[in-house]
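Position in the sequence shown counted from 1, then plus 1093, gives you this note's numbering.
Heads up, some of the hints might be wrong.
With a Cα cut of at most 30 Å, we get these calculated DSS-like pairs of lysine-lysine [to be verified]:
1) K1207 <-> K1165
2) K1226 <-> K1165
3) K1315 <-> K1458
4) K1207 <-> K1226
5) K1458 <-> K1226
6) K1315 <-> K1207
These are calculated hints, taken from the structure and not from any lab test.
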Amino acid sequence: MTQEMCLANAQLVLRDRVMTGWLRVAGGQIVEIGEGDAVPSGAIDCGGDFVAPGLIELHTDNLERHIQPRPKVDWPHAAAIIAHDAELASTGITSVFDAMRVGSIPTGKGGYTKYARSLASELLELRAADALKISHFLHLRAEVCSETLIEEFEEFGPDDRVGIVSLMDHTPGQRQFRDVSKMKAYVMGKRSMTDAEFDEHVARLRGLQAQFGAKHESATVKQAHRFGAVLASHDDTTPGQVATSAAHGIRLAEFPTTLEAAQACHDHGIAVMMGAPNLIRGGSHSGNVAAQELAERGLLDVVSSDYVPSALLLAAVHLGMLWDDMARGMATVTAAPASAVGLTDRGILETGLRADLVRFRVAGKVPMLRGVWSRGTQVA
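Take the sequences, apply the hints, and build the full model.
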């Protein structure tokens, strides 16, 4: 059940500023916001803690990590979804677009089988049963270098409420893995392969791209339109690739790999999303452009936790300090992702919007969560 409550004596992170004030919640919505450090009768005294909108995550591999915690170890999907949901709630994430790969290579060393349809069905059943703490949407990652992309897409329809379709091309030697040695270190760190098997894996991916690349790219654009989903690019590297993205109608770029690509995205009006781990670590594990460099140049719009859920709030606070503007930093994980995917009922502290909230304070440079609410109900 949703709670009626008032959070007072808080640093409210508004759209463009931070204000000392209070907010009242009823019926799962923010119903009143006021300025000042007064603590109304019955209110929770936040003692100067920040209160911000709940975090919105557009791209996370975390659910995949839960369904396969180790290579060749498959975990029951429902149990994995519930654990994933609770983990995200504990980090302040109140809305998530769960990334699931469509497009498989069923046979051979380095291949992989499909899983998205069955996983999505169980997720949607749990969501319909109101068994989850936070809001979940589908994000289908369309892998161009695969054999079964079109067949797997056909298993989904408009009723699945797919929110994002990302166009991914992991052909070795371009985009994320321009340096094939970086790809080799990454792949062989996850899978047991000999050098010969890795070389065979690279040759097969390149062959699949040559055979299916153009067909699969065109099909992905059409499927995103069929679902009514936001179409995103992935790992754009050159201005030419960005121009192709713009021609497809893409307005969200996931993890551009170069400064030139990020600048081209902004020139085309495409929002740039970068990974929080890249920002916190000071660079990309694949040797691509650093998120902080993009932030310093005003080319970073949205942040994703990618593979570390707890990094999302940490990255927003980091950006708030970098820019000397906490409202701007927090917007990269609240208002900006909401805008990128057309969620108009959340992402901002405003009356009439969902009471998805986080309360935290900052110790040094590290945020410490004190409470998380989804639709006015405390979930962490």
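Structure-based check of each hint:
Distance check on the hinted pair: K1207 and K1165 sit about 14 Å apart at the alpha-carbon level, within 30 Å; holds. Of the pairs offered as hints, the one joining K1226 and K1165 holds, with about 29 Å between alpha carbons and a cut-off of 30 Å not exceeded. Our distance criterion of 30 Å between C-alpha atoms is broken by K1315 and K1458, whose separation comes to about 44 Å. A C-alpha spacing of about 27 Å is found between K1207 and K1226, which places the hinted pair at or below 30 Å, so the restraint holds.
Taken as a hint, the K1458 and K1226 pair is honoured in the structure, with Cα atoms around 28 Å apart against an allowance of 30 Å. At most 30 Å may separate the alpha-carbon atoms for a hinted pair to count; K1315 and K1207 meet this at roughly 21 Å.
In summary, the one numbered hint that this structure violates is 3.
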